[in-house]
Amino acid sequence: MAAEILRIAIPVVILSSAATAALADDKDRIVGTWKLVSVVYEDVQSKERTPVLGAHPKGYQIATAEGRWLALVTADGRKVPQTDEERAAALRTMISYTGRYRLEDGKVITRVEAAWNEAWVGTEQVRAYRFEGERLHLESPPQPHPNLGGKVVRIIVTWEKEKN
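Going by the working numbering, the sequence shown opens with residue 2, and the numbers climb by one from there.
Among the clues, some could well be false.
Across the chosen pairs, the derived CB separations fall in these ranges [to be verified]:
#  : residue 1 : residue 2 : range
1  : 80        : 131       : 33 to 39 Å
2  : 46        : 66        : 37 to 43 Å
3  : 85        : 129       : 33 to 39 Å
4  : 25        : 59        : 15 to 21 Å
5  : 29        : 84        : 25 to 31 Å
6  : 142       : 68        : 17 to 23 Å
7  : 135       : 108       : 34 to 40 Å
8  : 105       : 79        : 21 to 27 Å
9  : 132       : 91        : 31 to 37 Å
10 : 73        : 134       : 21 to 27 Å
11 : 83        : 161       : 31 to 37 Å
Result set (DSSO-like, lysine-lysine): computed pairs, CA atoms no more than 27 Å apart in a straight line [claimed, not checked]:
#  : residue 1 : residue 2
12 : 59        : 36
13 : 152       : 80
14 : 80        : 59
15 : 36        : 164
Keep in mind the hints are simulated off the structure, nothing from the lab. Given the structure is predicted, the values throughout are model-derived calculations rather than measurements. Note that beta-carbon positions come from the ideal geometry of N, C-alpha and C, so glycine has one too.
Using the sequences plus the hints, can you model the full thing?
Laid out in structure tokens, this is it:
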């Protein structure tokens, strides 16, 4: 009986240790400053992908070792707004939020403390993540997007590690 328990328990401990080591590697790897490469919205119904913020959006994401997350993304070609209508349009061509983050099961989860969209404050923004060389790819689950009149999309964002 004891040998059977050990036969089952040892592989579980090894796998658990490997998962813990991989998570620790990911935590070290995600820390830093990331420059925006692209933002694509995928329509959940049609699967059509659109670079909704243009071919060359601007932005940065900062993840600290202490667990702070800050992301700011703006559309390509924004102009300085002069009127209330233009300021409202500028708000629809950006995304920004900050809060405490954690990594769990291949996801980065940010508990939003402040955001361009007040409806996000107090929520958890969940993004699946994966690394590809010096790039970090984040994908949201399908969600209604406030900048698109509530249309349901997946947000796919690619970042590149900033070199010091």
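Do the hints match the structure? See the list:
1. At roughly 35 Å, the beta-carbon separation of residue 80 and residue 131 lies within the given 33 to 39 Å, and the hint holds.
2. Between residue 46 and residue 66 the beta carbon distance is about 40 Å. The supplied range of 37 to 43 Å therefore holds.
3. In this structure the supplied range 33 to 39 Å holds for residue 85 paired with residue 129, their Cβ-Cβ distance being about 37 Å.
4. Our hint of 15 to 21 Å for residue 25 and residue 59 is violated, since their Cβ atoms are close to 32 Å apart.
5. For the hinted restraint 25 to 31 Å between residue 29 and residue 84, the CB-CB distance of approximately 46 Å leaves it violated.
6. Between residue 142 and residue 68 the Cβ separation comes to about 22 Å, which falls inside the hinted range of 17 to 23 Å.
7. A hinted range of 34 to 40 Å is violated for the C-beta pair residue 135 and residue 108, which are about 21 Å apart.
8. A hinted range of 21 to 27 Å is violated for the C-beta pair residue 105 and residue 79, which are about 34 Å apart.
9. Checked against the hint of 31 to 37 Å, the pair residue 132 and residue 91 passes, with Cβ atoms roughly 32 Å apart.
10. Range check, residue 73 to residue 134: Cβ separation about 23 Å, and the 21 to 27 Å hint holds.
11. Between residue 83 and residue 161 the CB atoms are about 33 Å apart, so this pair conforms to the stated range of 31 to 37 Å.
12. With a C-alpha separation of about 8 Å, the suggested pairing of residue 59 with residue 36 holds against the 27 Å cut-off.
13. Between residue 152 and residue 80, the direct Cα distance comes to roughly 25 Å. Compliance with the 27 Å bound is thereby established for this hinted pair.
14. Restraint check: the Cα-Cα separation between residue 80 and residue 59 comes to about 13 Å, which is no more than 27 Å; the hinted pair holds.
15. Distance check on the hinted pair: residue 36 and residue 164 sit about 10 Å apart at the alpha-carbon level, within 27 Å; holds.
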